[in-house]
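Residues per chain, in single letters:
2 protein chains.
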Amino acid sequence: MNSHLLDELIQSLRCLPGVGPKSAQRMAFYLLERNRAGAERLSKAVTQALEHIGHCSECRAFTEEPVCRLCRNTTRDSRLLCVVGSPADMMAIEQAGSYQGLYFVLAGHLSPIDGIGPREIGVDALVSLLERRQVEEIILANNPTVEGEATAYYIASLLQDKSVVISRIAHGVPVGGELEFVDGGTLSHAFNGRQRLQRS
Amino acid sequence: MNSHLLDELIQSLRCLPGVGPKSAQRMAFYLLERNRAGAERLSKAVTQALEHIGHCSECRAFTEEPVCRLCRNTTRDSRLLCVVGSPADMMAIEQAGSYQGLYFVLAGHLSPIDGIGPREIGVDALVSLLERRQVEEIILANNPTVEGEATAYYIASLLQDKSVVISRIAHGVPVGGELEFVDGGTLSHAFNGRQRLQRS
Chain W
1 MNSHLLDELI QSLRCLPGVG PKSAQRMAFY LLERNRAGAE RLSKAVTQAL
51 EHIGHCSECR AFTEEPVCRL CRNTTRDSRL LCVVGSPADM MAIEQAGSYQ
101 GLYFVLAGHL SPIDGIGPRE IGVDALVSLL ERRQVEEIIL ANNPTVEGEA
151 TAYYIASLLQ DKSVVISRIA HGVPVGGELE FVDGGTLSHA FNGRQRLQRS
Chain E
1 MNSHLLDELI QSLRCLPGVG PKSAQRMAFY LLERNRAGAE RLSKAVTQAL
51 EHIGHCSECR AFTEEPVCRL CRNTTRDSRL LCVVGSPADM MAIEQAGSYQ
101 GLYFVLAGHL SPIDGIGPRE IGVDALVSLL ERRQVEEIIL ANNPTVEGEA
151 TAYYIASLLQ DKSVVISRIA HGVPVGGELE FVDGGTLSHA FNGRQRLQRS
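Keeping their order, the protein sequence lines are chains W and E.
Under my numbering, the residue at position 148 of the first sequence is numbered 148, and the numbers go up by one with no gaps.
Under my numbering, the residue at position 14 of the second sequence is numbered 14, and the numbers go up by one with no gaps.
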């Protein structure tokens, strides 16, 4: 190409997930031609984020403070602790808006084949948090994947002797979906997890 | 959200074309969790590009040097000058690899309704370049859109008294396409622009 710096800009944009060579090129030209202010803001935001964002010492979520806003929020129900596999999952639950308890963010899920054990994903930090805090219920909201399920069951068995209720988020048909397009595994779960509508 | 800097990172990623709220969130988490080196490189590349990349004083393409590599390349055929509407178009032609002449990059196309006239897109710079250089043929490779066509015809009429051949890239059916899916306007152009296969 015609410019080393432009090549480097295009290459560096390709590190973003879902951005191929054509999109990276389009982004680079867009930033240079039409949105230099946006480009400046982006570069600054990335630098600032890299420099200052770390993990909350309580819940392990991303934050630039020692303890995140959510953990310091006294209006949240500290008796509930929701365990998720990533900060993105936590954000999705927060955006849904119905959960009012606190969180603990694991660094992914157990995957022995890749050498990822309980220590690597931060299960010890979870256990030590439970020793420090008065938690009444742990809601395991790990992903409904094989690794997520395994992680949830591992944590459940690890904590079974503690005086704490352990629950798993419900599997079933998604709201607004059509039964016809739901996969068999999900349908089986939906039948096994059926709930009575009238009290017996 | 839980972190001002994370919010700012997500918002700033949304300035990229084609990036909505969900993608921006995914990109932000990806950069923080999995690719901090890539993030650093991106931030640096954007800053460097903003600081150093300007326009080539000859062809108006993006470059960090006063005159770009392509214009300084003496192996290129300086008798041919291809006029394009954007640096991205120039890059597309370069990537095709068959054109060996030089370029002139206009800043878009004429659009009187938006107040964009010949001055705004740099037609004067093109005229002054032609006065300085020995050009034998100008190939108008403006986009095949209404604005692109209008710009091509404007330039052609402006330069009609000069001793220079003025040509327009061919319109027709794209290579590898199927006739069935080609639009009517393109098909009409393909028929009007038909070429004899045997010499008469």
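For the record, the hints were derived by calculation from the structure and aren't laboratory data.
Hints should not be assumed to be uniformly reliable.
The list treats identical chains as interchangeable, and a pair is accepted whether it falls inside one copy or across any two copies.
[Stated by the list, open to error] Within a straight-line C-alpha distance of at most 20 Å, the following computed DMTMM-like cross-link-like pairs (lysine to aspartate or glutamate) qualify:
#1 K22 - E137
#2 K44 - E33
#3 K22 - E94
#4 K44 - D114
#5 K44 - E8
#6 K22 - D7
#7 K162 - E131
- Message: Output the indices of the hints that this structure fails to meet, ascending.
- Response: 1 and 4
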